[in-house]
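For the sequence shown, the numbering used here assigns the number 1 to the initial residue and increments by one for each residue that follows.
Mixed in with the good hints there might be a few duds.
Label-pair distances were calculated between CB atoms; the ranges are [what the hints assert, rightly or not]:
{"no.": "1", "residue 1": "Arg125", "residue 2": "Glu40", "range": "33 to 41 Å"}
{"no.": "2", "residue 1": "Asn84", "residue 2": "Pro49", "range": "12 to 20 Å"}
{"no.": "3", "residue 1": "Glu40", "residue 2": "Thr83", "range": "34 to 42 Å"}
{"no.": "4", "residue 1": "Glu92", "residue 2": "Glu35", "range": "29 to 37 Å"}
{"no.": "5", "residue 1": "Arg21", "residue 2": "Glu52", "range": "32 to 40 Å"}
{"no.": "6", "residue 1": "His14", "residue 2": "Thr83", "range": "41 to 49 Å"}
{"no.": "7", "residue 1": "Ala39", "residue 2": "Glu12", "range": "33 to 41 Å"}
{"no.": "8", "residue 1": "Glu47", "residue 2": "Glu12", "range": "36 to 44 Å"}
{"no.": "9", "residue 1": "Glu52", "residue 2": "Thr83", "range": "31 to 39 Å"}
{"no.": "10", "residue 1": "Thr83", "residue 2": "Glu47", "range": "33 to 41 Å"}
{"no.": "11", "residue 1": "Asn124", "residue 2": "Ala39", "range": "36 to 44 Å"}
{"no.": "12", "residue 1": "Glu12", "residue 2": "Glu40", "range": "18 to 26 Å"}
Here are the computed lysine to any residue pairs in the SDA-like style, where the Cα-Cα straight-line distance is at most 20 Å [what the hints assert, rightly or not]:
{"no.": "13", "residue 1": "Lys75", "residue 2": "Cys3"}
{"no.": "14", "residue 1": "Lys58", "residue 2": "Gly105"}
{"no.": "15", "residue 1": "Lys75", "residue 2": "Glu92"}
{"no.": "16", "residue 1": "Lys75", "residue 2": "Ile119"}
{"no.": "17", "residue 1": "Lys75", "residue 2": "Val26"}
{"no.": "18", "residue 1": "Lys75", "residue 2": "Arg125"}
{"no.": "19", "residue 1": "Lys58", "residue 2": "Asn84"}
{"no.": "20", "residue 1": "Lys58", "residue 2": "Val16"}
{"no.": "21", "residue 1": "Lys58", "residue 2": "Leu19"}
{"no.": "22", "residue 1": "Lys58", "residue 2": "Phe43"}
{"no.": "23", "residue 1": "Lys58", "residue 2": "Leu34"}
{"no.": "24", "residue 1": "Lys75", "residue 2": "Glu117"}
{"no.": "25", "residue 1": "Lys75", "residue 2": "Asn124"}
{"no.": "26", "residue 1": "Lys75", "residue 2": "Met25"}
{"no.": "27", "residue 1": "Lys58", "residue 2": "Lys75"}
{"no.": "28", "residue 1": "Lys58", "residue 2": "Leu95"}
{"no.": "29", "residue 1": "Lys75", "residue 2": "Glu12"}
{"no.": "30", "residue 1": "Lys58", "residue 2": "Glu40"}
{"no.": "31", "residue 1": "Lys75", "residue 2": "Met46"}
{"no.": "32", "residue 1": "Lys75", "residue 2": "His14"}
{"no.": "33", "residue 1": "Lys58", "residue 2": "Met25"}
{"no.": "34", "residue 1": "Lys75", "residue 2": "Ser118"}
{"no.": "35", "residue 1": "Lys75", "residue 2": "Val16"}
{"no.": "36", "residue 1": "Lys58", "residue 2": "Glu47"}
{"no.": "37", "residue 1": "Lys58", "residue 2": "Glu92"}
{"no.": "38", "residue 1": "Lys75", "residue 2": "Leu34"}
{"no.": "39", "residue 1": "Lys75", "residue 2": "Asp30"}
{"no.": "40", "residue 1": "Lys58", "residue 2": "Met46"}
If you're looking for bench data, these hints aren't it; they were derived computationally from the structure. Each residue gets a CB set at the ideal place from its N, CA and C atoms; glycine is no exception.
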Amino acid sequence: MGCYFLRFIESEEHAVEDLRRGWSMVAAGDRGYLESLDAEGLFELMEHPFLEGEWALKIDGLCGYGPFDSVEDAKAAAIDLWTNPDDEPWLESPLCAVYSGTLAGYDGMAGDLFRPESIVEFLNR
Numbered sequence: 001m002g003c004y005f006l007r008f009i010e011s012e013e014h015a016v017e018d019l020r021r022g023w024s025m026v027a028a029g030d031r032g033y034l035e036s037l038d039a040e041g042l043f044e045l046m047e048h049p050f051l052e053g054e055w056a057l058k059i060d061g062l063c064g065y066g067p068f069d070s071v072e073d074a075k076a077a078a079i080d081l082w083t084n085p086d087d088e089p090w091l092e093s094p095l096c097a098v099y100s101g102t103l104a105g106y107d108g109m110a111g112d113l114f115r116p117e118s119i120v121e122f123l124n125r
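Generate coordinates for the entire structure from the input sequences, incorporating the hints supplied.
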């Protein structure tokens, strides 16, 4: 049985790029700062692909919300998160992508991690 996950996004193109890439980043900054955050070596330190001169910690999976047992449960959660955003800036995004995938774990900095398989649906705020 598949699981479903949510990511709040700025555009459908971003969601497709996330699906293609399959991983997220947590924290961006200078190399020394990031090495101090990841003293246990749990993440892969990499040059930030979008911010010149910055470094990032690559995590094994996309960060998002889930897992949900059904698309309907995921959609209901998206509406609830948009209604009660809990001060998370990404919850102000105009779109939400519902992905099918498998749970990859949980990280205290990134939340639920998943390995995406497909985009099931886009939701508009």
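Cross-check of the supplied hints:
1. Arg125 to Glu40: 33 to 41 Å: Since Arg125 and Glu40 have Cβ atoms about 38 Å apart, the given range 33 to 41 Å holds.
2. Asn84 to Pro49: 12 to 20 Å: violated, 32 Å
3. Glu40 to Thr83: 34 to 42 Å: holds, 37 Å
4. Glu92 to Glu35: 29 to 37 Å: holds, 31 Å
5. Arg21 to Glu52: 32 to 40 Å: violated, 19 Å
6. His14 to Thr83: 41 to 49 Å: Violated - the Cβ-Cβ distance for His14 and Thr83, about 22 Å, lies outside 41 to 49 Å.
7. Ala39 to Glu12: 33 to 41 Å: holds, 38 Å
8. Glu47 to Glu12: 36 to 44 Å: For Glu47 and Glu12 the Cβ distance comes to about 27 Å; the hint is violated.
9. Glu52 to Thr83: 31 to 39 Å: holds, 37 Å
10. Thr83 to Glu47: 33 to 41 Å: holds, 38 Å
11. Asn124 to Ala39: 36 to 44 Å: Taking Cβ atoms as reference, Asn124 and Ala39 lie about 41 Å apart, which means the hint holds.
12. Glu12 to Glu40: 18 to 26 Å: violated, 36 Å
13. Lys75 to Cys3: holds, 13 Å
14. Lys58 to Gly105: holds, 14 Å
15. Lys75 to Glu92: Roughly 16 Å between the alpha carbons, so the hint for Lys75 and Glu92 holds.
16. Lys75 to Ile119: Holds - the C-alpha atoms of Ile119 and Lys75 are around 13 Å apart, at most 20 Å.
17. Lys75 to Val26: violated, 25 Å
18. Lys75 to Arg125: holds, 11 Å
19. Lys58 to Asn84: violated, 29 Å
20. Lys58 to Val16: Measuring from Cα to Cα gives roughly 18 Å; hence the hint holds.
21. Lys58 to Leu19: holds, 15 Å
22. Lys58 to Phe43: This hinted pair holds, its Cα atoms lying about 6 Å apart.
23. Lys58 to Leu34: Satisfied, since the Cα-Cα distance of roughly 11 Å is no more than 20 Å.
24. Lys75 to Glu117: holds, 18 Å
25. Lys75 to Asn124: Given that 20 Å is the threshold and the Cα spacing comes to 11 Å, the pair holds.
26. Lys75 to Met25: Since the Cα atoms of Lys75 and Met25 sit roughly 25 Å apart, the hinted pair is violated (cutoff 20 Å).
27. Lys58 to Lys75: Judged against 20 Å, a Cα distance of about 28 Å means the pair is violated.
28. Lys58 to Leu95: violated, 24 Å
29. Lys75 to Glu12: holds, 16 Å
30. Lys58 to Glu40: holds, 14 Å
31. Lys75 to Met46: Violated, because 34 Å separates the two Cα atoms, which is more than 20 Å.
32. Lys75 to His14: Within the cut-off at roughly 19 Å; holds.
33. Lys58 to Met25: Between Lys58 and Met25 the Cα gap is close to 4 Å, so the pair holds against 20 Å.
34. Lys75 to Ser118: Satisfied, since the Cα-Cα distance of roughly 16 Å is no more than 20 Å.
35. Lys75 to Val16: holds, 19 Å
36. Lys58 to Glu47: holds, 9 Å
37. Lys58 to Glu92: Not satisfied, since the Cα-Cα distance of roughly 24 Å exceeds 20 Å.
38. Lys75 to Leu34: With a Cα-Cα distance of about 35 Å, the restraint between Lys75 and Leu34 is violated, given a limit of 20 Å.
39. Lys75 to Asp30: violated, 37 Å
40. Lys58 to Met46: holds, 7 Å
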